[in-house]
Amino acid sequence: MSTSAIIMMTVAMITVWGGLVLSVINLKNHPEE
Amino acid sequence: MSVSSNTGTSLRETFSGRSAFIFAAIGSAVGLGNIWRFPYVAYTNGGGAFILPYLVALLTAGIPLLFLFYAIGHRFRGSPPLAFRRLHPKTEMFGWWQVLISSVISVYYAAVIAWAAAYVFYSIDLAWGVDPAKFFLHDFLQSSEEVTVGFDFVPKVLALLVAIWVISIAVLATGVRKGIARLSIVFIPLLCILFGLLVIQALMLPGAEVGLDALFTPDWLKLTDSSIWIAAYGQIFFSLSVGFGIMLTYSSYLKKKTNLTSSGLVVAFANSSFEILAGIGIFAALGFIAVQSGQAVNEVVSSGVGLAFIGFPVILSEAPMGNLLGVLFFSSLVFAGFTSLVSIQEVVISAVKDKLGCGRVKATLLVGLPSAIVSIALFSTTTSLNLLDLTDAFINSFGIVAVSLAIIMTVSAGYGALPVLRNHLNSVSSFKVGRGWQLLAAGLTPIVLGYTLINSIQERLADGYGDMPSLFVGVFGWGMALSLPVIAWLLSKLSWSKKSALYHPDVDGLPVADPIWDEKVDKDLMEKERSL
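Going down the list, the sequences are from chains V and X.
In short: position in the first sequence from 1, add 17, done, that's the numbering used here.
Under the numbering used here, the residue at position 5 of the second sequence is numbered -13, and the numbers go up by one with no gaps.
Chain X on its own, in the form it takes in the complex:
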């Protein structure tokens, strides 16, 4: 084919093959959460016993949902709004909702990567000194005591955040093959090497076995507590990043005949493999500091921003060759985070590109520049930390969980699309799925997601969010989360011009087939197409 699939506006871009797709998908799934969330969640939810609900959640929800979004993206060949538009025009708003969620996440996620990048350099001379908490909050972020949104910029954070945006826009502007895929093909092996070295060094620290003992000693009684199971499903759900629209977008860039389910299994198990490795590395290091400071592991354990920028530097100051360990740890955060950031931004870029029917560079700039400006304005200031914390909590609980629940319910119960999607998966994949898949994807996962959503709503309504003022929580938490579906609905009312990707041919030059909601007719059609 003579048309370049990376620069042309008429044919959809494609990955060069399934390996490129798998690397990109692993790059997206393996993110900051694998390193700083999984070890803590496992430890606080039964330790070694957590592996049981974790595996059950992976097999009964994570992988089935991954297949569902692969099937939607691959069958309907589009960014979330376009794919859902083709599935049924009334579902288009869910695609826009995912796009808006991704655009919000990209804005603050970039800031955390900028912080990690700074800490790679701070590790060299352990710049945080004896008080890493004071260094992080006062010296580095210059965090304001007030919970508000201000515009006092912190020059170092600002410079790094600008750099992160410039690099990510440059990567995304070069396209799916040369930008996104190539980035992951380089960064993911590099991440594995760096993190592997970190784990080896952590395991050699005195006290490492105390940490591993704390992480893996099973507390079987906890398995009778439903909250452990919800925690396992939550971890799998967020870790695989299934509700963001990323997996849907990436699978739309696959060639028509691609082994979807077998590729999905590799992505899912690779993501979990990295989490187990992270658990071992982080807890070996926590065991060391517990022994050094004469405390129990439960007194030194933490997660998220607190673990990375306060807890871990404490360990690095005490550990032999702490500066090397620090460079490995923070570089890992940068590499894991950056490939995820690019994938989140791609959801938004692909949607704009499909809607306007414009080229890759134009779409990247149309999305990248405003996102960068908002990100820099809000998150390189002295008031960034509270806003980041609040936005992250609300977009996860009331954005990703809500949109996923809405999509699963509408696609399955509303439009009965699952048999058609199952046919699609089976027509291109070697690992076949049956009615069991439908039952798990559309039966079990809505129950778990629904329970999680109701739980979060009740908790937030009763307790607010930490000590944050209710006006701040109301505007940037509730206001933000609730406005997204409304804006998404409005966006879905805009018509698709003749120039838009809705009217573009498929990667093989043929028109994208309209959905056929008759299971039998659809199956015959699939078999006919496959035999061609």
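Isolated chain V (complex conformation):
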């Protein structure tokens, strides 16, 4: 794989999967009433 492809694959994984992790943490921090 080329360097640019590896970078973009990493960027895609970090932003989207990172977004999922952050949104789950955000939800967990506000428990159901």
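Please keep in mind that the hints were generated in silico from the structure rather than gathered at the bench.
This structure is a prediction, so every number in the text was calculated from the model and none was measured.
Take these hints with a grain of salt, some might be off.
FRET-style restraints, in silico, Cβ to Cβ [to be verified]:
| # | chain 1 | residue 1 | chain 2 | residue 2 | range |
| --- | --- | --- | --- | --- | --- |
| 1 | X | 441 | V | 47 | 28 to 34 Å |
| 2 | V | 48 | X | 141 | 15 to 21 Å |
| 3 | V | 31 | X | 344 | 30 to 36 Å |
| 4 | X | 144 | V | 47 | 43 to 49 Å |
| 5 | X | 284 | V | 47 | 54 to 60 Å |
| 6 | V | 48 | X | 507 | 23 to 29 Å |
| 7 | X | 70 | V | 30 | 40 to 46 Å |
| 8 | V | 31 | X | 439 | 36 to 42 Å |
| 9 | X | 343 | V | 47 | 51 to 57 Å |
| 10 | X | 445 | V | 31 | 38 to 44 Å |
Pairs of lysine-lysine residues, derived as BS3-like cross-links and limited to a Cα-Cα distance of at most 30 Å, are as follows [as the list claims (entries may be wrong)]:
| # | chain 1 | residue 1 | chain 2 | residue 2 |
| --- | --- | --- | --- | --- |
| 11 | V | 45 | X | 237 |
| 12 | X | 414 | V | 45 |
| 13 | X | 344 | X | 475 |
| 14 | X | 344 | V | 45 |
| 15 | V | 45 | X | 239 |
By construction, the Cβ of each residue, glycine as well, lies at the ideal position given by its N, Cα and C atoms.
Given the coordinates of chain V, assemble chain X onto it according to the supplied hints.
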């Protein structure tokens, strides 16, 4: 509370909690499109560079629209026709339009799941042999050369399609908690495990890196082309299934105090996370077959039905342990598709249930049986493939896009409902939205949707649809798509009886509050209610 919310006709059904809702919503959003559409769209629209417009589209349109439909469903507590009726009686037809669109989609979507189910078994001995295209079109579907609607049934497809309908009707008849939520709570983790195993196996194939290189190498110059941005918004829009009325219906089953926006963020990012995973798995496999056959990746790439039932079997025949890979791939399609199918059918069932004020089982049978009959009559025949292709194209371009545009314009510009919906979101959610949300939901998305709609109309008027005869396209494409808003308008003229859900109390036994279109009064009311 002693009244069972799942069987009673007076109180609205509810999800047991927000986790059940999130699983059901992810089950709906993650569908066939995530697996067979996203990888192709990303590859043909700039590869690695596509992630930029994709993320922009997710944040500026996907999530704002998701919030909008959550707010309508949760505030007005109903299926699309009931929720829009409560928002303003003149908007009721949009709800029916969504219901009709969902009923059309469910009819053909079930057929694709039946095909995938058959291919789970065909994978075991790689039954398609050396020519998967011939096997799919001639041996399996027995596809007719003629583009028409006939009634020569294909027994295997018929049997599977009957089974899919029986199972989905059984799930839906058991209700929101025991049926819909439980299905997703089991199927979504199972899907993640199966698809995760598929990705691992695909990544170990020789040539996988060639596929990933093709998918992720950025073509930055393409970002200056507006069509890439439209493609990104289209992918996000269809993938999150925001215009079908599903998210609106599901949010109407939430308890009154539920963190809507934070739940929505989880659903949106989970859906995109699965798409990225699918891109990696599919392109690793495409890289393998490209290397094996000595072709470039662009010569082996495809999407949709062609990828799943022709392109992928070619890979499976060549790959080590191809039968295992095949079982994983087609089971994933079945699980992803089935939870989406159930959610699409639920839009129609909830509307009938609300309108007639009847019980869950009766509403499910009233919707499920006629849908099953139409689905089986049209899509287990030798002429199903062309009809499916045409219906899918027209219902997406001229159904979902058109109804979403109409709803956004009417709700925002027509009735000025956005400030009230924003108050509602903020009164129950921890992730607050401001005027920026209104601007994105009602300013940006209509521009993108309007552009997409005009583009599709021009294209179809100029070029027709493939080589299909114009009479066939006219009746089952244009005729079908254009008749839906007319039928919806007629349905909105039927009065709501005293038995209907319009007069049912809310989940807490109190009446559902009428909309108040004064932003200040509404906000005070919300704060008062929250402090109770």
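To see whether the hints hold, each was checked on the structure:
1. X:441 / V:47: 28 to 34 Å: Given a distance of about 45 Å, which is not inside 28 to 34 Å, the answer is violated.
2. V:48 / X:141: 15 to 21 Å: The hinted range 15 to 21 Å is violated for residue 48 of chain V and residue 141 of chain X, with Cβ atoms some 47 Å apart.
3. V:31 / X:344: 30 to 36 Å: violated, 49 Å
4. X:144 / V:47: 43 to 49 Å: Holds - the Cβ-Cβ distance for residue 144 of chain X and residue 47 of chain V, about 45 Å, lies within 43 to 49 Å.
5. X:284 / V:47: 54 to 60 Å: violated, 43 Å
6. V:48 / X:507: 23 to 29 Å: holds, 25 Å
7. X:70 / V:30: 40 to 46 Å: holds, 44 Å
8. V:31 / X:439: 36 to 42 Å: With a Cβ separation near 39 Å, residue 31 of chain V and residue 439 of chain X satisfy 36 to 42 Å, so the hint holds.
9. X:343 / V:47: 51 to 57 Å: violated, 36 Å
10. X:445 / V:31: 38 to 44 Å: holds, 41 Å
11. V:45 / X:237: holds, 18 Å
12. X:414 / V:45: holds, 16 Å
13. X:344 / X:475: The hint holds at about 23 Å.
14. X:344 / V:45: Not OK: residue 344 of chain X and residue 45 of chain V at ~38 Å, beyond 30 Å, violated.
15. V:45 / X:239: Holds, at roughly 16 Å.
Checked against the numbered hints above, the structure violates hints 1, 2, 3, 5, 9, 14; every other hint is satisfied.
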